[in-house]
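Q: For the record, the sequence lines run as chains A and B.
Letter 253 of the first sequence, counting from 1, is numbered 253 in this note's numbering, and no numbers are missing.
Letter 184 of the second sequence, counting from 1, is numbered 184 in this note's numbering, and no numbers are missing.
For the record, the hints were derived by calculation from the structure and aren't laboratory data.
Note that this is a predicted model, so its numbers are computed, not measured.
Mixed in with the good hints, there may be bad ones.
Result set (DSS-like, lysine-lysine): computed pairs, CA atoms no more than 30 angstroms apart in a straight line [unchecked claim]:
(1) B:K71 to A:K67
(2) B:K71 to A:K234
(3) A:K234 to A:K316
(4) A:K316 to A:K93
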Amino acid sequence: MADLSVDFAGIRSPNPFWLASAPPTNTGYQVLRAFEAGWGGAVWKTLGDPIVNVSSRFGGLDAGNRKVIGFNNIELITDRPLDVNLAEIADCKRAYPDRPIVASLMMEMDRSRWHELVRRVETAGVDGLELNFGCPHGMSERGMGSAVGQDPELIELCTRWVVEAASVPVIVKLTPNVTDIRAAARAAVRGGAHAVSLINTINSLIGIDLETWNPIPHVDGLGAHGGYCGPAVKPIALNMLGDCARDPQVGVPLSGIGGIATWRDAVEFFLMGAGTVQVCTAVMHHGFRIVEDMIDGLENYLDGRGLASVNELVGKSVPRFVDWNDLNLDYRVVARIDPQTCIRCNKCYIACEDAAHQCIDRIARSSGGHDLVVDEEHCVGCNLCAIVCPVESCITMVRVDDGAAAHTWRERTRPAAPAAFGGGSSSER
Amino acid sequence: MWLRDVSLGKRILAPLRDAEAEMVAPALGPPIAEPLSQLDVLLEANRCLYCYDAPCIAACPTGIDIPAFIKKIATGNLLGSARTIMEANPLGASCARVCPTGELCEGACVYEHDAAPIRIGALQRHATDWLAASGVRLFAAGPATGKRVAVVGGGPAGLSAARELARLGHAVTIFEAGDELGGLNTYGIVPFRLPVDVARWEARQVVELGVEVRTGSLVGTGPEANVSPGSVLREFDAVVLAPGMGSVPRLGILGEDLDGVEDALDVIENAKFGRPLALGSRVAVIGAGNTAIDAATVARRLGADDVTIWYRRGPAEMTAYGFEVAFARAEGVAFKFGRVPVRIEGVNGAVTAIVFAQTEIIDGVPRAVAGTEERVAVTSVIRAIGQSKHVALFDSFGVAHERGVPIVDAELRTSATRVYAAGDCIFRVGKTDAMVVVAAQQGKEVAASVDRSLRDDAINGVLRNDAAGAATGEAS
Chain A
1 MADLSVDFAG IRSPNPFWLA SAPPTNTGYQ VLRAFEAGWG GAVWKTLGDP
51 IVNVSSRFGG LDAGNRKVIG FNNIELITDR PLDVNLAEIA DCKRAYPDRP
101 IVASLMMEMD RSRWHELVRR VETAGVDGLE LNFGCPHGMS ERGMGSAVGQ
151 DPELIELCTR WVVEAASVPV IVKLTPNVTD IRAAARAAVR GGAHAVSLIN
201 TINSLIGIDL ETWNPIPHVD GLGAHGGYCG PAVKPIALNM LGDCARDPQV
251 GVPLSGIGGI ATWRDAVEFF LMGAGTVQVC TAVMHHGFRI VEDMIDGLEN
301 YLDGRGLASV NELVGKSVPR FVDWNDLNLD YRVVARIDPQ TCIRCNKCYI
351 ACEDAAHQCI DRIARSSGGH DLVVDEEHCV GCNLCAIVCP VESCITMVRV
401 DDGAAAHTWR ERTRPAAPAA FGGGSSSER
Chain B
1 MWLRDVSLGK RILAPLRDAE AEMVAPALGP PIAEPLSQLD VLLEANRCLY
51 CYDAPCIAAC PTGIDIPAFI KKIATGNLLG SARTIMEANP LGASCARVCP
101 TGELCEGACV YEHDAAPIRI GALQRHATDW LAASGVRLFA AGPATGKRVA
151 VVGGGPAGLS AARELARLGH AVTIFEAGDE LGGLNTYGIV PFRLPVDVAR
201 WEARQVVELG VEVRTGSLVG TGPEANVSPG SVLREFDAVV LAPGMGSVPR
251 LGILGEDLDG VEDALDVIEN AKFGRPLALG SRVAVIGAGN TAIDAATVAR
301 RLGADDVTIW YRRGPAEMTA YGFEVAFARA EGVAFKFGRV PVRIEGVNGA
351 VTAIVFAQTE IIDGVPRAVA GTEERVAVTS VIRAIGQSKH VALFDSFGVA
401 HERGVPIVDA ELRTSATRVY AAGDCIFRVG KTDAMVVVAA QQGKEVAASV
451 DRSLRDDAIN GVLRNDAAGA ATGEAS
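The whole structure should be built from the sequences, with the hints applied where relevant.
A: What follows is the structure in structure tokens.
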């Protein structure tokens with residue numbers, strides 16, 4: 001059986017599934033229940049100066065059937081006293097010494113106050129610290145959270161303050177509400193961070209109530225932007241994770257966060273460079289019990305592929321995540337539709353007809369009905385038909401080029417070598 | 001609060017009870033199908049794939065854009081959903097309950113083979129129930145054309161034709177022989193499948209377009225008729241014959257006039273309107289169509305212990321739908337095949353027994369086999385061997401017909417000038433019963449045909465005037 005244990009920047013964990021700092025890690029009661037369910041570690045709900053939370057805090061987005069695909073919240077950091085949280089952290093560590101507890105921290109931009117917070121939190125026996133430079137709502141208006149995470153100088157400065165006071169590994173959690181996540185990650189590393197976690201939530205307004213015209217969620221009729229998370233943000237998180245993973249100036253362990261709901265999601269994050277994954281929304285949707293299939297599915301996946309450890313996955317897809325300019329312009333696939341499994345819903349047909357390249361034909365069959373057939377000469381291999389098809393594996397994308405050497409845009413537009421000066425083709429100049 | 005709470009908020013989708021449903025005649029026990037729950041509606045509507053050029057549309061005789069109406073349910077646009085349905089099918093509410101969906105839309109659903117088909121009928125019922133409860137009036141009469149059209153028969157085909165003609169601006173009068181509109185929907189389908197108020201609501205949607213209704217008006221030349229074909233032809237620019245079919249024909253055997261020998265349609269109607277009905281404990285139903293099923297299940301629900309459907313052919317030849325047969329069996333109805341009644345026996349004028357003979361098929365026709373008679377003690381016999389044709393009506397209009405079925409062209413024109421026909425009355429023999437949904441479609445088609453003809457007349461009239469103008473030298 002594959003080994004799921006990980007050593008993440010010096011933090012040992014029996015499995016790579018951590019709870020993200022969020023409502024599920026608000027109390028010791030919850031964290032104990034989570035550990036009992038099998039979670040490998042927990043990042044405690046952010047500790048800091050006392051705040052007051054509002055009533056009505058969350059909003060959900062579904063794709064029909066009331067299955068949540070997106071979620072936002074305007075809840076702030078912990079609204080419980082620091083000493084209560086610390087006592088509960090200590091209780092949890094006593095009950096589950098093998099499970100890492102990482103304290104998420106947030107503080108005003110004051111070096112001595114950060115030092116004081118680090119000192120007090122470490123007395124509880126935490127295994128690491130995670131600096132919350134990510135929360136995009138509420139606290140950011142007070143100069144904390146993403147207000148720090150959006151300014152590389154503040155990230156570096158604040159990280160340095162913590163690292164100089166801390167005796168345990170320091171993880172910096174990044175906000176995705178930036179133009180280039182690498183600038184923030186590099187700043188954290190310059191400040192001495194031992195690891196980076198990403199992403200925190202995305203600025204969002206989840207909806208407007210059609211009856212009242214209030215924002216959702218609303219507090220006495222008014223709403224404020226919240227932080228967006230859940231399955232819908234996974235592609236954004238994966239992209240930012242990949243950007244950090246392939247940036248040599250980052251180079252520290254990465255903890256992946258954002259829309260991870262299943263072992264499959266987790267494997268994708270490991271492949272894109274995450275050493276651990278953190279989960280919140282899926283637990284808010286289904287409870288702690290989902291970790292059972294995450295562990296079971298990951299083990300079976302690793303065993304099925306003959307891999308001894310989850311570490312053998314980490315980063316394996318990173319070299320394949322490149323700039324567009326490095327893609328092979330000569331690679332060509334076309335769609336093939338399996339008439340045996342096709343249910344003739346014609347969704348591929350209308351998608352191609354209206355939104356792609358008009359290359360699926362409906363061919364009448366002598367026995368009645370019709371087949372959907374791809375005009376391979378004109379198919380550009382865009383995948384749209386395969387995406388809209390409701391039948392798994394009915395439409396496959398088949399390679400049809402001759403497999404000759406790759407030819408990229410970068411190569412095509414590379415300046416002519418100096419030796420070619422005065423010679424070669426001038427028609428392109 | 002989830003976003004879904006908003007788009008499908010309680011206020012929009014709450015189960016709106018039709019207050020009038022409470023006033024329906026006796027329901028004779030629980031309905032065959034309960035409405036979908038809110039939860040089921042959401043799940044089912046979202047499960048629909050929204051196929052392009054969907055096979056369910058092609059399988060619907062009225063061509064309802066089914067993916068569109070289901071999508072509208074999913075988006076919380078119940079009004080739009082109901083309009084999509086009712087626009088295509090003026091009988092959309094009753095069809096949601098009585099259509100053999102497994103043979104039509106649901107049978108064509110792309111999920112049919114590899115998964116469960118979408119419950120289209122139940123979703124259609126949800127949308128139309130919402131409409132009925134909302135009180136919204138979807139349609140209005142068109143700008144008056146000055147043309148008058150008579151519709152003979154206020155059943156599904158007549159109502160459908162009347163609605164479309166009224167929307168096109170023609171002044172429509174329905175001549176209905178009975179007390180109420182709706183035809184079989186009102187009188188002839190068991191209330192646990194189609195409550196009478198659904199039929200009444202649908203009829204009201206038509207009447208509210210300004211359609212004149214003359215109930216108790218039997219058109220024809222017979223002794224009971226009170227409206228003459230000549231007066232109808234004089235008063236109206238066009239006539240649509242949509243009388244449906246008549247009573248169940250006689251069996252033509254001894255003892256048929258005994259008390260306790262009933263017409264299945266009378267049984268259903270009387271039960272539906274709560275009139276006294278004494279069928280007793282042992283009931284023989286003759287025939288195996290959907291009306292036979294309805295009568296048999298009514299008999300069971302009225303308390304008969306032993307209800308048997310007797311059919312002269314085999315199970316495969318029954319014209320009742322498979323789901324109807326299954327329903328009847330579940331209701332405790334027994335089936336006996338290959339039996340034909342040869343006489344009915346009685347004491348003091350009341351039926352006591354019926355004698356059946358086994359059949360053999362000779363040249364495709366079942367015939368009694370001598371010496372195979374068996375006597376069955378019964379308290380009543382229900383005839384359900386099809387329906388008679390309104391031959392006299394067609395003759396009175398000079399409409400050519402084949403064994404009581406008017407001959408119509410593709411425009412649903414009969415042989416008589418300005419006289420059209422639609423609905424069950426032009427239904428020819430087939431494997432299945434005539435369907436409400438087909439009658440609804442023919443109503444639309446005959447209305448369009450009448451409209452084309454009346455507008456052609458108008459244009460021709462203009463041309464005649466032009467010709468007159470030319471004759472006086474006014475044209476250049």
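Q: If a hint holds in the structure, say so; if it doesn't, say that too.
A: Verification of the hints:
no.	hint	result
1	B:K71 to A:K67	holds (17 angstroms)
2	B:K71 to A:K234	holds (27 angstroms)
3	A:K234 to A:K316	holds (18 angstroms)
4	A:K316 to A:K93	violated (33 angstroms)
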